[in-house]
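Enquirer: Heads up: the protein sequence lines correspond to chains S and E, in order.
Anchor point for the first sequence: position 87 equals 87 in our numbering, and the numbering is continuous, going up by one each time.
Each position in the second sequence, counted from 1, maps to that position plus 1000 in our numbering.
Keep in mind that the hints are not guaranteed to be accurate.
Okay, derived cross-link-like pairs now, PhoX-like style, lysine-lysine, Cα gap no bigger than 25 Å in a straight line [what the hints assert, rightly or not]:
| no. | chain 1 | residue 1 | chain 2 | residue 2 |
| --- | --- | --- | --- | --- |
| 1 | E | K1455 | E | K1286 |
| 2 | S | K455 | E | K1037 |
| 3 | S | K455 | S | K289 |
| 4 | E | K1286 | E | K1064 |
| 5 | E | K1289 | E | K1267 |
| 6 | S | K37 | E | K1455 |
Calculated from the structure, these hints are not laboratory results.
There are 2 protein chains.
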Amino acid sequence: MNGADSLCDTLLANDVDVCFANPGTSEMHFVAALDRKPRMRCVLGLFEGVVTGAADGYARMADKPAATLLHLGPGLGNGLANLHNARRARVPMINIVGDHATYHLQYDAPLTSDIEALAGPMSHWVRRTPDAQSVSADAAEAVRVACRAPGQVATLILPADAAWTDLPSGTPAPVRARVDPPGKTSAESISAAARAIRSGQATVLLLGGAALRGRALAAAGRIAHATGVRLVAETSNRRVERGRTRPPVARLPYPVDLALDSLKDAKHLLLAGSRAPIAFFAYPGKPSKLAPEDCAILTLAAPDQDMDHALEWLADELGIAASAPQLAAPAPSADIPVSGRLTGAAVNMVLASRLPEHAIVCDESITQGREFPVHSAASAPHDWLQLTGGAIGIGLPLATGAAVACPDRKVITLQADGSGMYTVQALWTQARENLDCLTIILANRSYATLYGEMKNVGVADPGRNARRMLDLHEPPIDWVGLSRSLGVEAVRADTVEDFIRCLQAGLARKGPFLIEALI
Amino acid sequence: MNGADSLCDTLLANDVDVCFANPGTSEMHFVAALDRKPRMRCVLGLFEGVVTGAADGYARMADKPAATLLHLGPGLGNGLANLHNARRARVPMINIVGDHATYHLQYDAPLTSDIEALAGPMSHWVRRTPDAQSVSADAAEAVRVACRAPGQVATLILPADAAWTDLPSGTPAPVRARVDPPGKTSAESISAAARAIRSGQATVLLLGGAALRGRALAAAGRIAHATGVRLVAETSNRRVERGRTRPPVARLPYPVDLALDSLKDAKHLLLAGSRAPIAFFAYPGKPSKLAPEDCAILTLAAPDQDMDHALEWLADELGIAASAPQLAAPAPSADIPVSGRLTGAAVNMVLASRLPEHAIVCDESITQGREFPVHSAASAPHDWLQLTGGAIGIGLPLATGAAVACPDRKVITLQADGSGMYTVQALWTQARENLDCLTIILANRSYATLYGEMKNVGVADPGRNARRMLDLHEPPIDWVGLSRSLGVEAVRADTVEDFIRCLQAGLARKGPFLIEALI
């Protein structure tokens, strides 16, 4: 048994049994160790952004961390954008980053780089394990940190010689992590929140993280029904439980003017698993803070606290019975298009009307999918996973990881074409693992969001240089051919009739499938 | 005129007139400014690894920096692997990384991250420009640093408000950078090198960087012919001038045993633009240093010094006339296959025999192309560009940038399939810009190099978990379909006859083309 075996054993002893990986030479002993641990499910990504994004999707749905296996600084670098999203999603994740043997570092071989510096900004915790004997304790600490509520990104650097060095016989069993339970909110916070609600002034309950699921969400729904408090979700969320059996929660709009408008009357803002709302970007002459100056902001429960406990306590404090009715989902839309030219709106409405029970919707639709949550509030119960950190290229990997976590659920990805190209390699992993992933490419053949942003900076009619940065139609990307080339069957739709037919076909089959929706 | 205009004007005033870009919201003012500067050629990459790799290829061939435009920390993160390669290649490059407005950073909006920390490991210089007035001086300093011999990676962080703030009228003209000329080697180094050569003991002249081109290489060739000194190139090089009119230089092998063997008799190792040779990776029981213990290592000229000057001086010191003959290229191979099953060796030999004059060969062939330089020593004169930092995913971007720099030369990429998948988006840029890039995919459908590395760690027969990390054949990637989907015409060859026909077709046309060589 060597350090690499010890690492695998420790992960397995702590119930980390999926490893998304793209290994290289410095990780070969770890790969060899995986061969001796058939319980560890190894999922290859053809690019590290797929690996880290899949680990994020897995964690969101499995409620426990996966491991990733990355190759030195550049391999980590390729995974950083989706680590950034994972850090913002506050999911548990354990990155194993291989490095040169300890004694080799001094020579500054070509692949050498400062892994700690690269890992730091996108990790909550970074440690370099010094030797084979330390591996188990360090790996257990990574698990402990990763699982600390609400979830953290832990990065463990594994020098090649720490992996390959044999451990003496009599080495103790793998270390088990002791995970701390989430903290609890205080009586003061609960009574302050109750006072705000009872004041009768316009109050918004801003939900984030675990407040958008399960008992916490149900309690929020009862509070909203009983008191008229408005439920709002943060703009970007890790996982929202939605659909006709759940209380509807509007999300805070992304465009800054709409967001300001949405909060303009609020006198009290109660934060439950959320942060005080901030503009995604700054714009000349517009504020960074989205809540009005005279709105009192109060933390009901911080992101690392127990949301079920906090919201049920608040309901109790307000005298709302556990059996009280919760805010009801709206009636489903009656005007679902059945024919005509395909548009983003039509895709959203058709999909919302036909969403299968317990689907997982991965949403990187950027501009074209903004209306999907509006139309799907009364859909079949589903989970909705969003881009949390603004680093595009997460949709396809996220779906990949979610499908590994939940093999019995349909995973549907609303994917903008520009963002989809970032980590398109994920389709291959969906094919290899035969994951039940239905991808809908919203192909508008542009970075449409940036056309909006150009207007925001005062350019109504972009010129040649600008257009060549924003348009993707020259040449057009053939998503059907692209998908098939990576092993995922695909079809194209440019009318609503077509799209309905394609969607039916995609929903009827099990396994990966892609629809290019030309909108 | 605002800060963004000032940045563009400063780049153009310093002859930086190509910008590889993937912008986002925080860069919109820069994009708007580019619209007002038609002299700046903007090339869009659909992923930032394409952007930075293309800037590397451009710099290698243009001998001057391009700018890149990247979107905050995650956009930079996506470009880091190829920045790592660029740093190892020692090419000039100027990264413009947009960030939030200065006053917005305090709110930790979703896309916020520590850009300085991320940029540091892969940059020689990082600066955050504080305001619009400072932009021109900071950009000029970035140019100065980037152009310092042999070339450096300079990263300038541009806050959105530094870009959008108007400059007062009467703002001075753009700052011009004062680039320092390269240093010169010393008389002591020259006479020590000459003494080593005259000793009659086995001497290796290890060439790197600018020593592999032009007058420096010619002088090395004369020295080798006159004295019997052995010319060896570093394992991975930025740009080597090769072919029948240039002195042949064998490269130090990548596999550690072969590298040790290659140097085992050397008593003197003279470094010209190179570093003391080090194993790419460490292996149990094998040394990190590749030169024998009793080999004296002497720096003839450091990478930042003038190689033409150093090698011509050494030739002069040795009494070798400028008109003396140089080491001659070997006779071309006589046994070029014409039929049969296609192999990596056949691809290399056929290509070498038909290489057009002044082709640029971008080589990310990993295992399958190792013999190409052997077979092409007597080919038509060409430039050979390698993966310098070991971070795979540079071949297609490198070719893209080289073709932008040299529109009149054929760019041929030897691309391993596994590495090619990392930055496959580059094909789209080749199509959009109609670049004269011929890509040969060496499709062995595995990470073949890792099978070799598994053997090195003692695993002769990898099991299921390991094989699923190393094999790419399940499902097979259809490179022809993939290439066409991104706008690049493609064909497949699995026999030598096929490959010759495809190669002829590819060489006859102008514009992007791809051959999937099934080997």
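Enquirer: Hints the structure violates: just list their numbers, smallest first.
Expert: 4
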